[in-house]
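Colleague: Below, each chain spelled out in residue letters.
Protein chains: 2
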Amino acid sequence: MEDSQKGKESMQALKDRIRRDGRILPGNIVKVDSFLNHQLDPMLMRDIGCEFRRRFAAEPVTRILTIETSGIAAALMTGLAFGVPVVFAKKHKSANMAGSFYTSAVYSYTKATMYDVAISSDYLVESDHVLIIDDFLATGNAVKGLLDIVSQSGASLAGIGIVIEKSFQDGGRELRAAGLHVESLAKIRSISDSEIVFED
Amino acid sequence: MEDSQKGKESMQALKDRIRRDGRILPGNIVKVDSFLNHQLDPMLMRDIGCEFRRRFAAEPVTRILTIETSGIAAALMTGLAFGVPVVFAKKHKSANMAGSFYTSAVYSYTKATMYDVAISSDYLVESDHVLIIDDFLATGNAVKGLLDIVSQSGASLAGIGIVIEKSFQDGGRELRAAGLHVESLAKIRSISDSEIVFED
Chain A
1 MEDSQKGKES MQALKDRIRR DGRILPGNIV KVDSFLNHQL DPMLMRDIGC
51 EFRRRFAAEP VTRILTIETS GIAAALMTGL AFGVPVVFAK KHKSANMAGS
101 FYTSAVYSYT KATMYDVAIS SDYLVESDHV LIIDDFLATG NAVKGLLDIV
151 SQSGASLAGI GIVIEKSFQD GGRELRAAGL HVESLAKIRS ISDSEIVFED
Chain B
1 MEDSQKGKES MQALKDRIRR DGRILPGNIV KVDSFLNHQL DPMLMRDIGC
51 EFRRRFAAEP VTRILTIETS GIAAALMTGL AFGVPVVFAK KHKSANMAGS
101 FYTSAVYSYT KATMYDVAIS SDYLVESDHV LIIDDFLATG NAVKGLLDIV
151 SQSGASLAGI GIVIEKSFQD GGRELRAAGL HVESLAKIRS ISDSEIVFED
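For the protein sequence lines, the chains are A and B, in the order given. Going by this note's numbering, the first residue of the first sequence is number 1, and it counts up by one from there. Going by this note's numbering, the first residue of the second sequence is number 1, and it counts up by one from there.
Derived by calculation from the structure, the hints in this document are not laboratory data. Careful, some of the hints might be misleading.
Treat identical chains as interchangeable: a pair holds within one or across any two.
[Stated by the list, open to error] Quick list of in silico lysine-lysine cross-link-like pairs, DSS-like style, CA-CA up to 30 Å:
#1 Lys8 x Lys187
#2 Lys111 x Lys6
#3 Lys90 x Lys8
#4 Lys111 x Lys8
#5 Lys15 x Lys187
#6 Lys91 x Lys144
#7 Lys111 x Lys90
#8 Lys91 x Lys6
If you're wondering where the values come from, they're calculated on a predicted model, not measured in any experiment.
Could you build all of it, start to finish, from the sequences and the hints given here?
Modeller: The following block contains the structure:
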């Protein structure tokens, strides 16, 4: 099977899965606990990693960057597909963290609080070409925090790969308007009457 | 190459990596931020998943169980090797969590605090045969919390797979004395004068 055909099918599988298993909560929140946020489907995650590899094939990616916890599975499989290390930003500085860190403040829309994301300067360097991977893109606050950290490190950006984008919120539009290469595997155009509608 | 030979080599690679990259902190804490706890090495994680598959090959595993955050990478790759879903226990009940949960209280030795671990009853059922995977085993408190949850669900236990066991602490000994099948890929016998000594 051709690569792009295979990618199309696995991303159709992702949309089917969101439609079947996604639960809609107040505030336009889509919960996909059965395969992405609490339980993980390793085979779907592997397909997602391969699809990100295909979509960013032109980029000489040296490192994958994500945020704990929900970004880790897709990022790990993308790192496997590219054969490069994966770094996950920590949300809370822990007692065991030592040395020098890049940090950025992020506003969580779903939790209505600010938190810091932190990455050790050992694992993001100026010569890196970084692909950011995350599970959701809505307001884009988490991704903007990661972009800030990439910028602090002096590394270059390959692009941003998102599993599920809520395209009715502004994050994706803003990032693309800034000239960034954003690839979202499933774009939710609207959530209405308990129904999830995808783009195209 | 024979499966067991390949497994032996990849686990030697794990020990070499711990020896080379592990940093020893006060309180016998070993930090392996470069491949397991902050940055992840996807290829090593894949080999670790394959090795757990080999060591528990006799078990009809239906689900992998771990705890966020550091257990997720090894658990995901083990799930991929077995072709079964992975569930990670959450450490903090979030606003988005709804429905029925199994919970257990865990004492964190490194953070000197109690926390709850929670798993939705949707993702652990009586007919499951569960393999627990975690990054570290020391006092065994985190694993005991997961065992409590497995017991609450009525599921059966395939065993416990650990990436790094500190065999100078009591957790592994207690779990084996209770008749449980524990497999640790690297066993640290002692940490002295900034040197890590493995069991062999």
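Colleague: Taking each numbered hint in turn, which are not upheld by the structure, reported in ascending numerical order?
Modeller: When the structure is compared with the hints, numbers 2, 3, 4, 8 turn out to be violated.
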